[in-house]
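Based on the provided sequences and hints, a complete structural model is requested.
Per my numbering, the sequence shown starts with residue 7, numbered consecutively.
Check each hint, because a few of them may be wrong.
To be verified - Pair by pair, the computed Cβ-Cβ distance ranges are: (1) Asp73 / Glu30: 23 to 33 Å; (2) Arg75 / Glu49: 30 to 40 Å; (3) Glu14 / Ala43: 11 to 21 Å.
As the list claims (entries may be wrong) - Simulated crosslink set (SDA-like; lysine to any residue; CA at most 20 Å straight-line): (4) Lys80 / His25; (5) Lys80 / Ala43; (6) Lys80 / His70; (7) Lys80 / Pro24; (8) Lys80 / Phe47; (9) Lys80 / Glu30; (10) Lys80 / Cys26; (11) Lys80 / His58; (12) Lys80 / Arg36; (13) Lys80 / Phe45; (14) Lys80 / Glu40.
FYI, nobody ran anything at the bench for these hints, they're computed from the structure.
Keep in mind that this is a model prediction, so the values were computed, not measured.
Ideal Cβ positions, reconstructed from N, Cα and C, are used throughout, including at glycine.
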Amino acid sequence: MSQLFSEETHRNMLSRIPHCTGREISEWLRTVEEGPALFRFDEKVSWLRGEHNLAYGHAKAIVHEHDLRRAARKF
Numbered sequence: 007m008s009q010l011f012s013e014e015t016h017r018n019m020l021s022r023i024p025h026c027t028g029r030e031i032s033e034w035l036r037t038v039e040e041g042p043a044l045f046r047f048d049e050k051v052s053w054l055r056g057e058h059n060l061a062y063g064h065a066k067a068i069v070h071e072h073d074l075r076r077a078a079r080k081f
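Rendered as structure tokens:
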């Protein structure tokens, strides 16, 4: 089973997160930004899951989006 989301799956997951969590994506991205200085993707996902009781897929999509936006800022 692939551990990677397709772009379409990622966008669909992001669109469902506010309904499922009660918080907008921008709030979750800020939470990751202001959270502990973890370097590894899976550490960030585990932290979000443990600290905020998120489902694995939601935490993974949030961290992936955070990393995409952070990389885009560097260009």
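Taking the hints in turn, this is what the structure says about them:
1. Asp73 / Glu30: 23 to 33 Å: violated, 18 Å
2. Arg75 / Glu49: 30 to 40 Å: violated, 18 Å
3. Glu14 / Ala43: 11 to 21 Å: violated, 32 Å
4. Lys80 / His25: violated, 31 Å
5. Lys80 / Ala43: Holds - the C-alpha atoms of Ala43 and Lys80 are around 18 Å apart, at most 20 Å.
6. Lys80 / His70: Given that 20 Å is the threshold and the Cα spacing comes to 16 Å, the pair holds.
7. Lys80 / Pro24: Distance ~27 Å between Lys80 and Pro24 Cα, so the pair is violated.
8. Lys80 / Phe47: holds, 18 Å
9. Lys80 / Glu30: violated, 24 Å
10. Lys80 / Cys26: violated, 31 Å
11. Lys80 / His58: It is violated: about 28 Å lies between the C-alpha atoms, which goes past 20 Å.
12. Lys80 / Arg36: holds, 17 Å
13. Lys80 / Phe45: holds, 17 Å
14. Lys80 / Glu40: holds, 18 Å
Hints 1, 2, 3, 4, 7, 9, 10 and 11, counting from the list given before, are not met by this structure.
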